[in-house]
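**Student:** Sequence:
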Amino acid sequence: MNNPEVVMIGLGYIGLPTAALIAQNKTHVHGVDINPKVVETINAGKIHIVEPELDIAVATAVKEGYLKAATTPVEANTYLIVVPTPFKAKNEPDISFVEAATRAILPLLKQDDLYIIESTSPIGTTEKMMDLIYSERPELTNKINIAYCPERVLPGNVMYELVHNDRVIGGVNEKATQKALAFYRQFIKGDLHETNARTAEMCKLVENSSRDVQIAFANELSLICDKADINVWELIKLANKHPRVNILQPGCGVGGHCIAVDPYFIVADYPAESQIIGKAREINNYKSFWCAEKVQTAKLQFELKHGRKPSIALMGLAFKPNIDDLRESPAKYIAQKVLQNANNEAYFIVEPNIESHKVFKLTNYQTAAQEADIIVFLVAHKEFSTLQLSNDKVVLDFCGVLNK
1 MNNPEVVMIG LGYIGLPTAA LIAQNKTHVH GVDINPKVVE TINAGKIHIV EPELDIAVAT
61 AVKEGYLKAA TTPVEANTYL IVVPTPFKAK NEPDISFVEA ATRAILPLLK QDDLYIIEST
121 SPIGTTEKMM DLIYSERPEL TNKINIAYCP ERVLPGNVMY ELVHNDRVIG GVNEKATQKA
181 LAFYRQFIKG DLHETNARTA EMCKLVENSS RDVQIAFANE LSLICDKADI NVWELIKLAN
241 KHPRVNILQP GCGVGGHCIA VDPYFIVADY PAESQIIGKA REINNYKSFW CAEKVQTAKL
301 QFELKHGRKP SIALMGLAFK PNIDDLRESP AKYIAQKVLQ NANNEAYFIV EPNIESHKVF
361 KLTNYQTAAQ EADIIVFLVA HKEFSTLQLS NDKVVLDFCG VLNK
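FYI, the numbering used here numbers position 23 of the sequence shown as 23, with every residue one higher than the one before it.
Please keep in mind that the hints were generated in silico from the structure rather than gathered at the bench. Check the hints yourself; a few may be wrong.
[To be verified] With a straight-line cut-off of 25 Å between C-alpha atoms, the simulated DMTMM-like cross-links for lysine to aspartate or glutamate are:
id	residue 1	residue 2
1	88	174
2	128	207
3	305	371
4	90	328
5	175	139
6	46	371
Please read these numbers as outputs of a predicted model, since none were measured by experiment.
Based on the provided sequences and hints, a complete structural model is requested.
**Tutor:** And the structure:
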């Protein structure tokens with residue numbers, strides 16, 4: 001593949017589907033990932049993540065020569081930065097991967113190129129990268145197009161939503177915004193909304209913070225209802241009969257690399273102003289701890305009642321139903337916490353969406369439900385709703401499996 005039009009830096013849960021989508025439109029994409037195994041897998045026409053329809057898109061794009069992966073970038077006209085933005089200590093965002101990706105393409109940039117960050121980033125990151133580029137390549141000052149365009153897709157439905165969801169696109173100036181709009185318009189059927197880079201950065205953070213706050217309200221209700229001896233699922237169902245009330249469903253916390261993470265980008269920079277956002281993070285983190293404590297209590301109560309140690313099934317490890325993604329998963333945290341307090345009980349760890357795990361020995365969900373004395377639903381995977389549980393089981397349902 002000679003002279004690709006697009007270089008995609010980062011071939012993870014967003015980068016690879018985006019690269020495949022662009023390649024499907026007969027545009028040559030050079031994907032970059034620091035992991036040689038990922039590069040090797042993609043060049044073989046295969047995928048390293050679970051996402052419906054992605055395998056077909058990648059296989060076709062590689063076979064037709066529109067997608068190639070490597071560990072280093074090459075010269076192109078458009079560069080997309082889709083790398084992780086993790087945390088340093090004290091929940092402070094770390095943009096070092098964005099900076100490293102930018103430095104990797106610095107020697108390749110030329111006049112009128114398009115540089116877009118898609119990675120979730122603190123406000124002002126795009127401008128910081130602009131300053132970096134211009135300080136290292138002063139001859140390019142105001143001569144390349146720099147923009148920010150966050151993804152907003154749902155794992156498990158990424159290939160559809162990449163095409164059909166609206167996108168917010170913000171350049172560092174009007175020319176950059178228009179150039180980025182023209183680029184995305186080739187692949188996206190959803191509406192494209194133009195703004196500036198700072199507003200686009202904030203928009204992504206606000207979308208996920210809004211969800212986090214709403215989930216925190218539901219999780220707080222679940223804590224109150226537990227003490228008040230009220231079925232929280234019934235309560236929310238009834239409250240939502242009000243035409244202007246739409247309470248979300250509680251769970252065992254909040255996970256994933258978006259909702260559980262992005263609010264901290266705001267809190268870190270604006271701690272005094274982000275009171276509700278910060279408190280929502282606390283509530284949702286506490287819910288996971290609370291669930292782990294509930295399992296511990298149920299275990300002790302069973303032992304007192306039956307004079308023996310129970311066997312316990314922990315049902316689900318992913319951060320949300322019906323996916324294989326364990327990033328920031330509250331279920332995984334709860335499983336770890338419960339196992340830390342293990343005292344010779346038998347444990348069955350269940351995650352139907354992955355074949356194996358380097359830490360947990362996995363058990364088939366039907367076997368676990370049959371064998372265990374205590375069944376703990378941590379994630380509402382579709383398989384769990386089909387289980388027929390006998391009346392002698394102790395069931396802790398933290399995600400509404402039994403109320404579906």
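**Student:** Can the restraint linking residue 46 and residue 371 be considered satisfied, given a maximum Cα separation of 25 Å?
**Tutor:** violated, 37 Å
**Student:** Does residue 128 pair with residue 207 here, judged by a C-alpha cut-off of 25 Å?
**Tutor:** holds, 23 Å
**Student:** Taking only the CA atoms, is the gap from residue 90 to residue 328 under or equal to 25 Å?
**Tutor:** Status holds; Cα separation ~16 Å.
**Student:** For the pair we were handed, residue 88 and residue 174, check the Cα-Cα distance against 25 Å.
**Tutor:** violated, 33 Å
**Student:** Assess, step by step, whether the Cα of residue 305 is no farther than 25 Å from the Cα of residue 371, and give holds or violated.
**Tutor:** holds, 19 Å
**Student:** Holds or violated: are the alpha carbons of residue 175 and residue 139 at most 25 Å from each other?
**Tutor:** holds, 18 Å
Checked against the numbered hints listed earlier, the structure breaks hints 1 and 6; every other hint is satisfied.
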